[in-house]
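Trainee: Chains as they are written, first to last, in our numbering: chain A, 310 to 556; chain Y, 310 to 556; chain G, 310 to 556; chain W, 310 to 556; chain U, 310 to 556; chain R, 310 to 556.
Warning: the hint list may mix true and false statements.
Going by beta-carbon spacing under 10 Å, a handful of chain W positions derived as facing chain U [what the hints assert, rightly or not]:
{"hint": "1", "residue": "K322"}
{"hint": "2", "residue": "V325"}
{"hint": "3", "residue": "R357"}
{"hint": "4", "residue": "A360"}
{"hint": "5", "residue": "G367"}
{"hint": "6", "residue": "F556"}
Mimicking DSS-like on lysine-lysine, the simulated pairs with C-alpha atoms at most 30 Å apart in a straight line are [said to hold, decoys possible]:
{"hint": "7", "chain 1": "Y", "residue 1": "K479", "chain 2": "W", "residue 2": "K479"}
{"hint": "8", "chain 1": "W", "residue 1": "K435", "chain 2": "R", "residue 2": "K479"}
{"hint": "9", "chain 1": "A", "residue 1": "K431", "chain 2": "R", "residue 2": "K479"}
{"hint": "10", "chain 1": "R", "residue 1": "K479", "chain 2": "U", "residue 2": "K479"}
{"hint": "11", "chain 1": "A", "residue 1": "K402", "chain 2": "R", "residue 2": "K435"}
{"hint": "12", "chain 1": "G", "residue 1": "K402", "chain 2": "W", "residue 2": "K431"}
{"hint": "13", "chain 1": "W", "residue 1": "K435", "chain 2": "W", "residue 2": "K322"}
{"hint": "14", "chain 1": "A", "residue 1": "K479", "chain 2": "A", "residue 2": "K402"}
{"hint": "15", "chain 1": "Y", "residue 1": "K435", "chain 2": "R", "residue 2": "K402"}
{"hint": "16", "chain 1": "G", "residue 1": "K431", "chain 2": "G", "residue 2": "K479"}
{"hint": "17", "chain 1": "Y", "residue 1": "K431", "chain 2": "G", "residue 2": "K479"}
{"hint": "18", "chain 1": "Y", "residue 1": "K435", "chain 2": "W", "residue 2": "K479"}
{"hint": "19", "chain 1": "G", "residue 1": "K479", "chain 2": "U", "residue 2": "K431"}
{"hint": "20", "chain 1": "Y", "residue 1": "K479", "chain 2": "R", "residue 2": "K435"}
{"hint": "21", "chain 1": "R", "residue 1": "K402", "chain 2": "Y", "residue 2": "K479"}
{"hint": "22", "chain 1": "W", "residue 1": "K431", "chain 2": "R", "residue 2": "K479"}
{"hint": "23", "chain 1": "Y", "residue 1": "K402", "chain 2": "A", "residue 2": "K479"}
{"hint": "24", "chain 1": "A", "residue 1": "K435", "chain 2": "U", "residue 2": "K402"}
{"hint": "25", "chain 1": "U", "residue 1": "K402", "chain 2": "W", "residue 2": "K435"}
{"hint": "26", "chain 1": "U", "residue 1": "K435", "chain 2": "U", "residue 2": "K479"}
{"hint": "27", "chain 1": "G", "residue 1": "K402", "chain 2": "A", "residue 2": "K435"}
{"hint": "28", "chain 1": "A", "residue 1": "K435", "chain 2": "A", "residue 2": "K322"}
{"hint": "29", "chain 1": "Y", "residue 1": "K435", "chain 2": "G", "residue 2": "K431"}
{"hint": "30", "chain 1": "W", "residue 1": "K479", "chain 2": "W", "residue 2": "K402"}
{"hint": "31", "chain 1": "G", "residue 1": "K479", "chain 2": "Y", "residue 2": "K435"}
{"hint": "32", "chain 1": "W", "residue 1": "K435", "chain 2": "R", "residue 2": "K402"}
{"hint": "33", "chain 1": "R", "residue 1": "K479", "chain 2": "A", "residue 2": "K435"}
{"hint": "34", "chain 1": "W", "residue 1": "K479", "chain 2": "R", "residue 2": "K322"}
{"hint": "35", "chain 1": "R", "residue 1": "K431", "chain 2": "A", "residue 2": "K322"}
{"hint": "36", "chain 1": "U", "residue 1": "K479", "chain 2": "W", "residue 2": "K435"}
These are calculated hints, taken from the structure and not from any lab test. Note that CB positions come from ideal geometry on N, CA and C, so glycine has one too.
6 protein chains.
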Amino acid sequence: MRIVWIDPIVADKPYVGALQAALDEARHPDTELEIISLPEGPAPRHLRYHAYEALVVGEITTAVYRLAAEADAFIIGCFYDLALREAREVSGKAIVTAPCESSIAIAAQLGNTFSVLVGADKAIPKMRENIRAYGLAHRLMSMRPLNMGVLEFQAQAERTMEAMLRQGRKAVEEDRAEVIVLGCSAEVGFHRTLQDELGVPVIDSALAPFKYAEFLAEAANRFGWHPSRRWGSEPPPEAEIREWGLF
Amino acid sequence: MRIVWIDPIVADKPYVGALQAALDEARHPDTELEIISLPEGPAPRHLRYHAYEALVVGEITTAVYRLAAEADAFIIGCFYDLALREAREVSGKAIVTAPCESSIAIAAQLGNTFSVLVGADKAIPKMRENIRAYGLAHRLMSMRPLNMGVLEFQAQAERTMEAMLRQGRKAVEEDRAEVIVLGCSAEVGFHRTLQDELGVPVIDSALAPFKYAEFLAEAANRFGWHPSRRWGSEPPPEAEIREWGLF
Amino acid sequence: MRIVWIDPIVADKPYVGALQAALDEARHPDTELEIISLPEGPAPRHLRYHAYEALVVGEITTAVYRLAAEADAFIIGCFYDLALREAREVSGKAIVTAPCESSIAIAAQLGNTFSVLVGADKAIPKMRENIRAYGLAHRLMSMRPLNMGVLEFQAQAERTMEAMLRQGRKAVEEDRAEVIVLGCSAEVGFHRTLQDELGVPVIDSALAPFKYAEFLAEAANRFGWHPSRRWGSEPPPEAEIREWGLF
Amino acid sequence: MRIVWIDPIVADKPYVGALQAALDEARHPDTELEIISLPEGPAPRHLRYHAYEALVVGEITTAVYRLAAEADAFIIGCFYDLALREAREVSGKAIVTAPCESSIAIAAQLGNTFSVLVGADKAIPKMRENIRAYGLAHRLMSMRPLNMGVLEFQAQAERTMEAMLRQGRKAVEEDRAEVIVLGCSAEVGFHRTLQDELGVPVIDSALAPFKYAEFLAEAANRFGWHPSRRWGSEPPPEAEIREWGLF
Amino acid sequence: MRIVWIDPIVADKPYVGALQAALDEARHPDTELEIISLPEGPAPRHLRYHAYEALVVGEITTAVYRLAAEADAFIIGCFYDLALREAREVSGKAIVTAPCESSIAIAAQLGNTFSVLVGADKAIPKMRENIRAYGLAHRLMSMRPLNMGVLEFQAQAERTMEAMLRQGRKAVEEDRAEVIVLGCSAEVGFHRTLQDELGVPVIDSALAPFKYAEFLAEAANRFGWHPSRRWGSEPPPEAEIREWGLF
Amino acid sequence: MRIVWIDPIVADKPYVGALQAALDEARHPDTELEIISLPEGPAPRHLRYHAYEALVVGEITTAVYRLAAEADAFIIGCFYDLALREAREVSGKAIVTAPCESSIAIAAQLGNTFSVLVGADKAIPKMRENIRAYGLAHRLMSMRPLNMGVLEFQAQAERTMEAMLRQGRKAVEEDRAEVIVLGCSAEVGFHRTLQDELGVPVIDSALAPFKYAEFLAEAANRFGWHPSRRWGSEPPPEAEIREWGLF
């Protein structure tokens, strides 16, 4: 099985290294993993701002379109779940997952309620809207900001852990969350310690969409549960794409 | 990995045979599967009626409590998802899944909308309430009854397939469902033909919670994502259980 | 009129005494009241845990099925409203009420908003889900835990009152609740003092479902407003019940 | 106990007669009933139009304010539930009920779902908004118009019954309603025949708020469950009313 | 274009002066503005209480009915948005707007979330219900009371500004509101200073419905986008109004 | 006032001509209008598919970023409302509107309910999700497809009008919509005839966001109601944009 992780930013070495290590350790023996980052220039180094997302939505979708035939699943590596609808449309038979959607789906299996630890207040409105669209707003107890930049999580691991512990504890004890979700895929590598300290499951939002993708791709291969291609999931016609030179 | 399917009725040979075959073919090589049925007398032969469910909620929960230490996951084999909250409370480190919840979680990954083919009108209000509680009511296009008894699905395979095709086609073409969910775990064995005919993914509600359980149990073992035991997920104290002779 | 209160636990003397006294004082002259407790062994002494509920769902439903012809109404005496759907299915022409549903229906008539004083945090997620299913989540301001066990309410009346006053005051003054609901039918006997102190109506969740049952049973007798028996409310066929030896 | 039914229109003899007879037969022996109609001129003869409602909101509220001390409960006799919030504010210790709110509260106890038979399409948007505000929109299967004027129900009883049967049957058989609600208090007198024909409970929206008022007023007298007077339910100060010569 | 502001209380000089000045400055050159207050006696001097609203609903609706042919738009000058449905029914081709509805529509264009500064706690439940009915409850972060009477806003301008700054700051910094709405049309004249201090847009709820009315009336004149007169928006027949001597 | 309409596709002459004419006729005398189309190659000729949207999200956002200082408002000319959040983030003091959001905001002022006439079934799920996110799903009666391509609306005007009349009539008469919304900004030019035929307001989704933009830009200029820049609306820092060479 071949799974492609799309890192929707310019490659950031410490993060990609940590991610590669975490996913490699987590994958099934027969899962082949590729991580794709984007070229500097068009793409930014983080996606804190929605306008930055805008700059890579086309590239993510194009990558999925081009690699659709060679992959069983794609993961869009950002908790904003950007380009999810667009990428799914052109993924052919391949599955597409995204961190927020997968993480809260798993959280909902492990407890009645969950809280999300996000990097910054900035992220809250869009994430809240996504969670509402996914149907789980009534189980979200709080979104607590770590007040850190995306690039700082790996670079300042100690500070990250400290902030996660402080906000995670408040989420569990004050907001009564039964599960914690790490609301940035760059927060990879911290979940286990946090989980041991807090005494509740802590969902790593890099592992969650990766394993969800593996699971769904296996189901697709076994049972034919490939993405629907009817109604809103109808893909653009190949002839038109070629004629207009798109993607 | 050891997974226990709890068939919450008196063993019905044709169904259990079909189920065992389907799950055996679907399981990972290292997944050990056990199917438990209930003894006649207390338990009925189908669960169409909610009062029948009442008769087995205690037995399901007791089974999960007793086997919790020896299993990685349990599946409650009825699309009513009965005893789900109760069983999860005493499953210890083991995962518990159920057909409706798992099936619509998968359906939501494969299309924007879904319809459910249920055995009878009788089932609709409770299932609709469950789907609303799970947060996906806004994506449910319709629930269409096959007008068949639970025990007839396997016994009258041809009639079953015909009814599924007729209602499934209406669900896709008239109600604009992008994915079909088979709303009874006794509808096992029909999804592939239906899927080929209808041209949209058809989620088998026996396979769905089984593979979801396998997936979550693997994640639990790898990442420590066992069920939360805080707040609403707090289990009863062992001392009290022993003192009162419960389970 | 004959009304049966089903106390879904092993008889706890102080509580049953207080309950009997309160209901006796509250009943219409022509209402005949019977309180049924369950036999020790299968049944626990409190229902704080959902797995404990599981142990009595069958017994509650069986009791309603067996007594349906002789009663005008049943009350399921626990604020979790357990077995409500199941019992209603086999109650024949008799009404079935439950504490949470009845209490918040009354609260919604007396003010714009309400808060619930529950025994423990444990209870909150299930009760919140029930209130959401009943359609009144937008009027619930808070659920505040008394941090007491169910069996302590009557045994430690002074401590109970103190905790109720403290949390009730916060619910009114900080959470802006206009009505208070006592979220456990074992909290019987405290509402009047609390109400005088807090200056807002305090709904006793033993009296509420009892009087609601009396009211609905009278309406059933006068106007023929017995439970619907169509669609999701269709009861199991007597022939099947007999053949399988159920209930 | 003294209950005042406010007929928010100019007295229409056939209707008031039918209403008086129905309520008299339904009341408790110790319930004293008064029906108040409004004087022609300001008040219209029916309230199909919302602008007509506007003309009587002040009169209804004034009547409740003036009679508050002498009554245990008021019913606002129109399925639009007009002036409900306003009247409740000045009812002092007296209960105020209204047809739509009471009828669907009872319907929700008797089945999973309900449909409303309204006089005309005109009424649907406001009633739908009320039902959504009351929290029961997810249980409303349909609103079906009888295409009759309010004044025709009593005057053309045969045509009324025929329309009710036709639309009621569709509501039950096609829309899968388990309970029918008659969406106009002028539809009084038809529920029993309809109920016998349709085989599901049919809630008369004159009887429903009347008996609900009786029930709540008894609870108020027994348990002190009078309307809350905090926050949004705070009444205007007497001094200000007197100073400004209001009501 | 002719726009009529209906001040639904007895004329309060300081407020009407401030309002007239603010609207005059804000109007298009070709907009003719008239402010109508109500005669003392029936009408109160403020509308804090819902029963006071009841006293003027008929007058507001009557005024709109009578002036419909001569005006392009009406504004109902109270943040309770009272009589909105009623007035719209008889406004003929004229637009009717109201402060809460218009203000939050604008706020939703300027930020993800908003908070409302209300005069008193009293107002919160009705306003919250309105905002829920308008569909924007998920974007409302908080309603914060200024603890001032409606008549004090203009009379005690310094105290008003101080309270607005204190509560507005909390709404922005603690509740994370991106936009502030002034929840009383008598709060006119303060928005600019507040906006400069808080650094977020502050919607004045007198200017908002006035400019919204101007905008919609222009669109009505240009594009024929007059109010719908079908279904729930059908007006009462003129013949009936004349026959019964209404309005 | 300067308003920029961003046509998010390759310039299609008939459509741009019709659009320019319609907006020119509709603008205020002092409104300066510019219509920007995108260069062929990256951009497609229509946006029926979500993957096509992905290709232009970056360009739309970049255009808004670059022109922010010179414009008072932008309109994103597609009923999918794509790039709305992204563009708003970098619009500085300028307003950004979009067809769906503006059209249903206006529709909600003119009637209780509305239906949308969309080009094709394909569009329904995303539009439905948008309308749900905007909070007006409870007022949407239906989305009816015209079964026409975006490029055909202007090219085959007679067929377009015929389809609109057929589906519009069903929306009004069968679905009980009080207002019709044309769900594609390429449907410009048809609203007036349709409106005359159907007898209800028909919202043109090119005129709607254009006039909404004009209205909001005027309010921004007059009252300082520029977009919030706090929390989720915080823009990316200029220094970072320059350093990374973005936009």
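Trainee: Given the hint that K431/G pairs with K479/G, test it: the Cα-Cα distance must not exceed 30 Å.
Mentor: Within the cut-off at roughly 20 Å; holds.
Trainee: Next pair to validate is K479/R with K479/U; report whether the Cα-Cα distance is within 30 Å.
Mentor: Not satisfied, since the Cα-Cα distance of roughly 50 Å exceeds 30 Å.
Trainee: Quickly compare the C-alpha distance for K435/U and K479/U to 30 Å and report which way the hint goes.
Mentor: holds (22 Å)
Trainee: Given the hinted pair K402/A and K435/R, is their Cα-Cα distance within 30 Å?
Mentor: Distance of about 21 Å is within 30 Å: holds.
Trainee: Hint check: K435/W vs K322/W, CA-CA at most 30 Å. Holds or violated?
Mentor: Holds, because 27 Å separates the two Cα atoms, which is no more than 30 Å.
Trainee: Taking 30 Å as the top limit, are the C-alpha atoms of K479/A and K402/A close enough?
Mentor: Violated, at about 42 Å.
Trainee: Does K435/Y pair with K479/W here, judged by a C-alpha cut-off of 30 Å?
Mentor: holds (22 Å)
Trainee: Can the restraint linking K402/G and K435/A be considered satisfied, given a maximum Cα separation of 30 Å?
Mentor: Violated - the C-alpha atoms of K435/A and K402/G are around 51 Å apart, more than 30 Å.
Trainee: For the hint on G367/W, just tell me whether its beta-carbon gets within less than 10 Å of chain U.
Mentor: With Cβ-Cβ at 5 Å, under 10 Å, it holds.
Trainee: Take a quick look at whether K402/Y and K479/A sit within 30 Å of each other, Cα to Cα.
Mentor: holds (24 Å)
Trainee: So, A360/W near chain U? Judge it on the closest CB pair being under 10 Å.
Mentor: Result: holds, 5 Å to nearest chain U Cβ.
Trainee: Does the alpha-carbon distance linking K402/U and K435/W stay inside the 30 Å limit?
Mentor: holds (21 Å)
The earlier numbered hints that this structure contradicts are 1, 2, 9, 10, 12, 14, 15, 17, 21, 24, 27, 30, 31, 32, 33, 34, 35 and 36.
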